[in-house]
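In case you want the letters, here they are:
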Amino acid sequence: MSTGRIVLALWLAIGTTPLAQQAPDRSHPPQPGPPPALNLPAIQKLQLANGLPVWIVEQHKVPVVQVNLLVLSGTAEDPAGKFGAANLTAAMLTEGAGSRSSLEIADAVDYLGADLGAGSGIDSSGVRLHVPVARLADALPIMADVAERPTFPKDELERLRQERLTSILQARDDPPTIASITFSRVLFGPTHRYGTPMFGTAEAVKAMTTDDLRAFYTSAYRPDNATLLVVGDVARATVVPLLEKSFGSWRTQAATKSSQTLPNVDQPAMRQIYLVDKPEAPQSQIRIGWIGVPRSTPDYFPIQVMNTILGGSFSSRLNTNLREEHGYTYGAGSSFDMRASAGLFVASAGVQTDKTADALKEFFKELGNIRQAVPAEELARAKNYVALRYPSAFETTGDVSRRLEDAIVYHLPDDYFSKYVQNIQAVTAADVQRAAQKYVQPDRFAVVVVGDRSKIEAPIRALNLGAIEIMTVDDMFGPPPKL
Amino acid sequence: MLALAASAFAQTPPPKLELKYTQFTLPNGLTVILHEDHSVPIATVNMWYHVGSAREKQGRTGFAHLFEHLMFMGSGHVKPGEFDAWLEAAGGDNNGSTETDRTNYWINVPSNAVDLALFLESDRMGYLLDSMTPKTVDAQRDVVKNERRQSYENRPYGMAEVMMSEMLYPQGHPYHWPVIGYMEDLTAASYEDVVEFFKKYYSPANASLVVAGDIDSAKTRAAVEKWFGDVKPGPAAEPMTIPGAQLTGVQSKTITDRVQLPRLYLAWLTPRHLEPGDGALDVVADVLAGGKNSRLYKRLVYDMQIAQDVSAFQSSGAISSAFQIVATPRPGHAVGELQKVIDEEIQKLQREEPTDHELQRSINQIESSFFNRMERVGGFGGKADQLNAYFTETGDPDWFNEDLSRYRALSASDVRAAALRFLPLGKRVELAVEPDKK
Numbered sequence: 000m001s002t003g004r005i006v007l008a009l010w011l012a013i014g015t016t017p018l019a020q021q022a023p024d025r026s027h028p029p030q031p032g033p034p035p036a037l038n039l040p041a042i043q044k045l046q047l048a049n050g051l052p053v054w055i056v057e058q059h060k061v062p063v064v065q066v067n068l069l070v071l072s073g074t075a076e077d078p079a080g081k082f083g084a085a086n087l088t089a090a091m092l093t094e095g096a097g098s099r100s101s102l103e104i105a106d107a108v109d110y111l112g113a114d115l116g117a118g119s120g121i122d123s124s125g126v127r128l129h130v131p132v133a134r135l136a137d138a139l140p141i142m143a144d145v146a147e148r149p150t151f152p153k154d155e156l157e158r159l160r161q162e163r164l165t166s167i168l169q170a171r172d173d174p175p176t177i178a179s180i181t182f183s184r185v186l187f188g189p190t191h192r193y194g195t196p197m198f199g200t201a202e203a204v205k206a207m208t209t210d211d212l213r214a215f216y217t218s219a220y221r222p223d224n225a226t227l228l229v230v231g232d233v234a235r236a237t238v239v240p241l242l243e244k245s246f247g248s249w250r251t252q253a254a255t256k257s258s259q260t261l262p263n264v265d266q267p268a269m270r271q272i273y274l275v276d277k278p279e280a281p282q283s284q285i286r287i288g289w290i291g292v293p294r295s296t297p298d299y300f301p302i303q304v305m306n307t308i309l310g311g312s313f314s315s316r317l318n319t320n321l322r323e324e325h326g327y328t329y330g331a332g333s334s335f336d337m338r339a340s341a342g343l344f345v346a347s348a349g350v351q352t353d354k355t356a357d358a359l360k361e362f363f364k365e366l367g368n369i370r371q372a373v374p375a376e377e378l379a380r381a382k383n384y385v386a387l388r389y390p391s392a393f394e395t396t397g398d399v400s401r402r403l404e405d406a407i408v409y410h411l412p413d414d415y416f417s418k419y420v421q422n423i424q425a426v427t428a429a430d431v432q433r434a435a436q437k438y439v440q441p442d443r444f445a446v447v448v449v450g451d452r453s454k455i456e457a458p459i460r461a462l463n464l465g466a467i468e469i470m471t472v473d474d475m476f477g478p479p480p481k482l
Numbered sequence: 000m001l002a003l004a005a006s007a008f009a010q011t012p013p014p015k016l017e018l019k020y021t022q023f024t025l026p027n028g029l030t031v032i033l034h035e036d037h038s039v040p041i042a043t044v045n046m047w048y049h050v051g052s053a054r055e056k057q058g059r060t061g062f063a064h065l066f067e068h069l070m071f072m073g074s075g076h077v078k079p080g081e082f083d084a085w086l087e088a089a090g091g092d093n094n095g096s097t098e099t100d101r102t103n104y105w106i107n108v109p110s111n112a113v114d115l116a117l118f119l120e121s122d123r124m125g126y127l128l129d130s131m132t133p134k135t136v137d138a139q140r141d142v143v144k145n146e147r148r149q150s151y152e153n154r155p156y157g158m159a160e161v162m163m164s165e166m167l168y169p170q171g172h173p174y175h176w177p178v179i180g181y182m183e184d185l186t187a188a189s190y191e192d193v194v195e196f197f198k199k200y201y202s203p204a205n206a207s208l209v210v211a212g213d214i215d216s217a218k219t220r221a222a223v224e225k226w227f228g229d230v231k232p233g234p235a236a237e238p239m240t241i242p243g244a245q246l247t248g249v250q251s252k253t254i255t256d257r258v259q260l261p262r263l264y265l266a267w268l269t270p271r272h273l274e275p276g277d278g279a280l281d282v283v284a285d286v287l288a289g290g291k292n293s294r295l296y297k298r299l300v301y302d303m304q305i306a307q308d309v310s311a312f313q314s315s316g317a318i319s320s321a322f323q324i325v326a327t328p329r330p331g332h333a334v335g336e337l338q339k340v341i342d343e344e345i346q347k348l349q350r351e352e353p354t355d356h357e358l359q360r361s362i363n364q365i366e367s368s369f370f371n372r373m374e375r376v377g378g379f380g381g382k383a384d385q386l387n388a389y390f391t392e393t394g395d396p397d398w399f400n401e402d403l404s405r406y407r408a409l410s411a412s413d414v415r416a417a418a419l420r421f422l423p424l425g426k427r428v429e430l431a432v433e434p435d436k437k
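These protein sequence lines map, in sequence, to chains A and B.
Residues 0 to 482 in numbering that gives the first Met the number 0 are what the first sequence spells out, letter by letter.
Residues 0 to 437 in numbering that gives the first Met the number 0 are what the second sequence spells out, letter by letter.
Since the hints were made in silico from the structure, they are not lab data.
A hint or two may mislead.
Stated by the list, open to error - Straight-line C-alpha distance at most 16 Å; calculated EDC-like pairs for lysine to aspartate or glutamate:
#	chain 1	residue 1	chain 2	residue 2
1	B	K297	A	D154
2	B	K78	A	E279
3	B	K436	A	E279
4	A	K60	A	E279
5	B	K198	B	D184
6	B	K297	A	D106
7	B	K436	A	D154
8	B	K134	B	E191
9	B	K291	A	D106
10	B	K291	A	E162
11	B	K291	A	D24
12	B	K297	A	E103
13	B	K347	B	D397
14	B	K15	B	D397
15	A	K454	A	E279
16	B	K426	B	D413
17	B	K297	B	E344
18	B	K291	A	E155
19	B	K297	A	E202
20	A	K153	B	D413
21	B	K78	A	E323
22	A	K60	B	D413
23	A	K481	A	E202
24	B	K297	A	E155
25	A	K60	B	E344
26	B	K198	B	E224
27	B	K225	A	D154
28	A	K244	A	E103
29	B	K78	B	D129
30	B	K252	B	E165
31	B	K134	A	D232
32	B	K134	A	D106
33	B	K291	A	E324
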């Protein structure tokens, strides 16, 4: 009863709003006007006294700043038998540096209200700082210690080793993790670096020494293998002296930097199913695909558009079919993981156990159909989706720093960002079909299913998709380690 | 070093937080808030309906969330599939989420497509039922059941969250059941329920709209008036009667899961969001488990190394809050060992105030988080979402400084007092998850 009074009171208060509003025309959706121009941030490039390259992007919206020391060596540089070295090296940087202990580093960073972390990716590693700009001068010396003067304390390594071995043990619990690890392993094998997760194997983590980590550090973390990125509410004139003080006297310690070329891997010759038993799982985790393309592929833009149509957006064919039409899953999609060497193409979903075989059938239907010509309207939608939302990739300091990292790691041309939209819009239906036929060959795909074997094996066999290898979680991870 | 850092602080207080906005109310009762930010040519349309799972009736748990899914399935002038297809064709993204007290929706678009977003948002507010059918309900029912399987049943420790709210709140309390709902209730949800829920809770008077980003306020106001002007008024939701809930002793239970390691969950009923004690408990959580130097992390994970992880957090709600501590023992250790240390540290904090350094460290981190939250305009947790949250909870969209002041005003004695008053060892939930030995 109080409801009506509130509405009435507001009605009277506004007064100027006409009482009988003309109903808007809803017969057609309003057409957007011409896309707004994105003023790409200017990248100021310079070098410190020691030759360390610096890229600065001034962004004066919020009084915060992102500083990344990017190192052009990642897990792909892990030596044979020491998978996990890059990852553990990065984790150890904040465990003792300069005169500071692990706890002192954490306390100083937390007290500044900063985030400071070190991590490794496939093709790069980085020490990354996010901090209110008023505290940048206090935070940079800590970051510099972490990046330039790590001490690799033995007791901290023992602690991290046990933490990692426990995480590897816990990975056995999580069906999506099991599925992804198995998928990489069956396609790349145990010796190729891409066949093992970035955190490495339990055996390698158990055997890793501080000498191993120092060796990785010395060959990877060095001014001639690094770039310093600064994005945020700073001015070049005032920030450069701070950078010079913290990073300008950093010297290279070793003669040569590491550089490995990963071996080529043969694609599977025929389709093969790998069923990993996870008793009582209410869903099956599905991964389907093979080895895709490196980041340097000339087909980068056609692949972006093709994958958007197949499984890279909510309205994509895989999600529309498996989620919206059949209700088998909470979401289905596909992706190309592009790295320095060819990474994986994968289509994936978690589907309810009793619909596992039905879902596989629909997956293969869509993977076959994408090889046919794509209708013009669907093509236009996908291109617009990728191209028109591009400005949102430059919104935060973190967003911009990630774009810059990509540009450096994958040697993107200077006009890459400014030409991105037109490169997407230039993709034709023929380009999409050519990319699909080349990179989506369902007859040769590996299929990983992690689920309750007692319920799903017979229906999957009835599909006659190919040979089925039955696996257990232990086949992938080994027996649970005694910790 | 730390002393230096502290003195540097005093000289450079962070700038004041301020978000300029305009606010008005349409004749149909819809509150509208506009905020301009021209740094990137994108904009967001963010709608909050002031209804969540707490309003669900017996036998229909999970319905508010199922309803949220139906909001993307088309409306009077938008056929099924067109909502997403049209937005994607304009370079837009969208999503929604349901909690106990509210349901939110956002559409992020390039700034040339704000009109399209407003058309779609207004059409589902005004004309959702025109295109709703029992078949639509069935389709999303299956999707939501798979969301429950994926996010709870097939996720390690996923059912502990469901169990926790059942143990904290008595039968019939609006926070007793999980937001995702029970399978049998999802099965029971009908087309008639959709009609009733829409009429009761999805009226303009029970919603608030924020449009933010690269917009012109005057033009956007006209566009909002145009697109929402024909949405018919309806009732504002009746105020909720908030049932009391209190724990009179220790509620203890052990469940099993397909996991390698056990996990311990401790939980208390605590003051609701923005009530006295709520902010102090955020700091209690930091002192106990925020960062390597926090008391529980340092003892359990760093020094003794008998835990793989430990976390503590005050989970604030409109009707009630819960303070939780969660810890996973390392192989060879048991939840009882962890609980003993946790209890020692809680009791210590109940006896002695935290150090000034601990207090300041926590407040500095909270202060930074306020600035970090200013970087993004759209999506979950962006500026538009925060303006809508503050409006919903306080009536003032730009409540950032007031919120931050709650923390800046805290003393060490406030923190100790909150630990003493709100975390009694004898009145809490103790839930253990043990590995299924099968």
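These are the hints, each one checked on the structure:
1. B:K297 - A:D154: holds (15 Å)
2. B:K78 - A:E279: Cα-Cα ~39 Å, so violated.
3. B:K436 - A:E279: holds (13 Å)
4. A:K60 - A:E279: Violated, at about 51 Å.
5. B:K198 - B:D184: violated (20 Å)
6. B:K297 - A:D106: holds (11 Å)
7. B:K436 - A:D154: violated (34 Å)
8. B:K134 - B:E191: holds (12 Å)
9. B:K291 - A:D106: holds (8 Å)
10. B:K291 - A:E162: holds (14 Å)
11. B:K291 - A:D24: Judged against 16 Å, a Cα distance of about 59 Å means the pair is violated.
12. B:K297 - A:E103: Status holds; Cα separation ~12 Å.
13. B:K347 - B:D397: violated (38 Å)
14. B:K15 - B:D397: holds (12 Å)
15. A:K454 - A:E279: With a Cα-Cα distance of about 9 Å, the restraint between K454 of chain A and E279 of chain A holds, given a limit of 16 Å.
16. B:K426 - B:D413: violated (21 Å)
17. B:K297 - B:E344: The hint holds at about 11 Å.
18. B:K291 - A:E155: holds (13 Å)
19. B:K297 - A:E202: Since the Cα atoms of K297 of chain B and E202 of chain A sit roughly 28 Å apart, the hinted pair is violated (cutoff 16 Å).
20. A:K153 - B:D413: Distance of about 40 Å is beyond 16 Å: violated.
21. B:K78 - A:E323: With a Cα-Cα distance of about 14 Å, the restraint between K78 of chain B and E323 of chain A holds, given a limit of 16 Å.
22. A:K60 - B:D413: violated (35 Å)
23. A:K481 - A:E202: Within the cut-off at roughly 12 Å; holds.
24. B:K297 - A:E155: holds (13 Å)
25. A:K60 - B:E344: violated (41 Å)
26. B:K198 - B:E224: violated (22 Å)
27. B:K225 - A:D154: Distance of about 66 Å is beyond 16 Å: violated.
28. A:K244 - A:E103: violated (21 Å)
29. B:K78 - B:D129: holds (10 Å)
30. B:K252 - B:E165: Holds. K252 of chain B to E165 of chain B sits at ~11 Å (cutoff 16 Å).
31. B:K134 - A:D232: It is violated: about 52 Å lies between the C-alpha atoms, which goes past 16 Å.
32. B:K134 - A:D106: Roughly 56 Å separates the two Cα atoms, so the pair is violated.
33. B:K291 - A:E324: Between K291 of chain B and E324 of chain A the Cα gap is close to 48 Å, so the pair fails against 16 Å, i.e. violated.
Checked against the numbered hints above, the structure violates hints 2, 4, 5, 7, 11, 13, 16, 19, 20, 22, 25, 26, 27, 28, 31, 32 and 33; every other hint is satisfied.
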